[in-house]
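Colleague: Sequence:
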Amino acid sequence: MKKTHYLTLIFIWKGKNSMLRTAKTIGYIIGYAALVSSQLKKVKIRKTQIDDVRIQDEMVYLYARRWASRILDSAGVKTHVTGNTEPFDEPVLYISNHEGNFDIPVLINNLPQPFGFISKKEVEKIPFLKPWMEEMNCIYLDRSNRRASLQMIKDGINKLKEQHSLLIFPEGSRSKGGEMQEFKAGSLKLAKSAKVKIVPIAIYGSSNIMEKYNSKKMVPGDVYVHILDPIEPTVFEDKTMQEVSQFVQGKISNTVQSLKENHYVKN
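With my numbering, letter number 29 in the sequence shown gets 817, and the count goes up by one each step, no holes.
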């Protein structure tokens, strides 16, 4: 067989393999949530029988971690987590940079404690996910509606005060492996008003799974996550909201750069 024909066959095989992987992963995203929907009613009943909020959240999170784990396995994603990997005895506000679509399953599967997250309104339309996300204390945000943004902050503060941890991406949208976008300082009001610690997270490599192919297919890859030391809520006593935002972004940006230098993923 001529070399050119051989290379063509390899290209076709890899393309089909990538398409199968993508279809399988999408199937897990919706299929697993549908499969365990019958368990949701039981989970809700059991939650009413337990007073400890952390145990309640862990019950729901058991299903979320399984969901995330299966998605990552299906897509061939390997995660490497370093830093502060011990759970906290109190609710915290996780703040992370946002590279790609796989950030959420990566973090669900690897952060040390349950958390809800801020999700764009469109995700609400994905079949079977909405009721589980509500049980996880997730909050939907309509970016086109300023009043909805203000409500999101109020809802987030209430969730933290109710002892549920939250995760936010202050960039607002995916960087897709490019330069980190400026953090929106207003999102830090959640930590200031609820008086909780801020835990910065740096993530690198997730955009190589989908975004560098314009989200048309998925390829296996490594994702690196570093959980930085928590920042006490007293940081707001001598810094403005904008200064805290820049301070947190600087810590995350420097860590992402370090991850990139140590684990560069070729495009």
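Derived from the structure by calculation, the hints contain no laboratory data. You may find that some hints are simply not true.
With a Cα cut of at most 20 Å, we get these calculated SDA-like pairs of lysine to any residue [to be verified]:
{"#": "1", "residue 1": "Lys942", "residue 2": "Ser981"}
{"#": "2", "residue 1": "Lys980", "residue 2": "Ser963"}
{"#": "3", "residue 1": "Lys980", "residue 2": "Leu1016"}
{"#": "4", "residue 1": "Lys1027", "residue 2": "Ser963"}
{"#": "5", "residue 1": "Lys1048", "residue 2": "Ala973"}
{"#": "6", "residue 1": "Lys949", "residue 2": "Gly974"}
{"#": "7", "residue 1": "Lys949", "residue 2": "Ser825"}
{"#": "8", "residue 1": "Lys913", "residue 2": "Pro900"}
{"#": "9", "residue 1": "Lys909", "residue 2": "Asn898"}
{"#": "10", "residue 1": "Lys977", "residue 2": "Lys913"}
{"#": "11", "residue 1": "Lys942", "residue 2": "Met924"}
{"#": "12", "residue 1": "Lys985", "residue 2": "Asp930"}
{"#": "13", "residue 1": "Lys1039", "residue 2": "Gly966"}
{"#": "14", "residue 1": "Lys980", "residue 2": "Gln939"}
{"#": "15", "residue 1": "Lys1039", "residue 2": "Ile1019"}
{"#": "16", "residue 1": "Lys866", "residue 2": "Arg853"}
{"#": "17", "residue 1": "Lys972", "residue 2": "Met924"}
{"#": "18", "residue 1": "Lys913", "residue 2": "Lys835"}
Colleague: Next, verify each hint and record whether it holds.
Modeller: Verification of the hints:
1. Under the criterion of a C-alpha separation no larger than 20 Å, the hint pairing Lys942 with Ser981 is consistent with the structure, at around 9 Å.
2. As the CA atoms of Lys980 and Ser963 are separated by approximately 26 Å, the hinted pair breaks the 20 Å bound.
3. Of the supplied pair hints, the one linking Lys980 and Leu1016 holds, its CA atoms being roughly 19 Å apart against a limit of 20 Å.
4. Of the supplied pair hints, the one linking Lys1027 and Ser963 is violated, its CA atoms being roughly 27 Å apart against a limit of 20 Å.
5. Distance check on the hinted pair: Lys1048 and Ala973 sit about 25 Å apart at the alpha-carbon level, beyond 20 Å; violated.
6. For the suggested pair Lys949 and Gly974, the alpha carbons sit about 18 Å apart, so the restraint of at most 20 Å is met.
7. Distance restraint check for Lys949 and Ser825: the Cα-Cα separation of roughly 28 Å exceeds the 20 Å cut-off, and the hinted pair is therefore not satisfied.
8. Proposed proximity of Lys913 and Pro900 is contradicted: the alpha carbons are some 28 Å apart, above 20 Å.
9. Using a Cα cut-off of 20 Å, the hinted pair Lys909 and Asn898 is violated, with the two alpha carbons roughly 24 Å apart.
10. For the given pair, Lys977 sits about 28 Å from Lys913 by alpha-carbon distance, which is inconsistent with the 20 Å threshold.
11. Straight-line distance between C-alpha atoms of Lys942 and Met924 comes to about 17 Å, which keeps the hinted pair within the 20 Å bound.
12. A distance of roughly 26 Å separates the Cα atoms of Lys985 and Asp930; the hinted pair therefore is violated under the 20 Å criterion.
13. With a C-alpha separation of about 17 Å, the suggested pair Lys1039 and Gly966 falls inside the 20 Å cut-off, and the hint holds.
14. Proximity of Lys980 to Gln939 is assessed by CA-CA distance (about 16 Å); at most 20 Å being required, the pair is judged to hold.
15. Distance restraint check for Lys1039 and Ile1019: the Cα-Cα separation of roughly 11 Å lies within the 20 Å cut-off, and the hinted pair is therefore satisfied.
16. Taking the CA atoms of Lys866 and Arg853, the gap is about 15 Å. The hint holds against a cut of 20 Å.
17. With a C-alpha separation of about 24 Å, the suggested pairing of Lys972 with Met924 is violated against the 20 Å cut-off.
18. Of the supplied pair hints, the one linking Lys913 and Lys835 is violated, its CA atoms being roughly 26 Å apart against a limit of 20 Å.
Violation of the numbered hints given earlier is confined to hints 2, 4, 5, 7, 8, 9, 10, 12, 17, 18; the remaining hints are satisfied by the structure.
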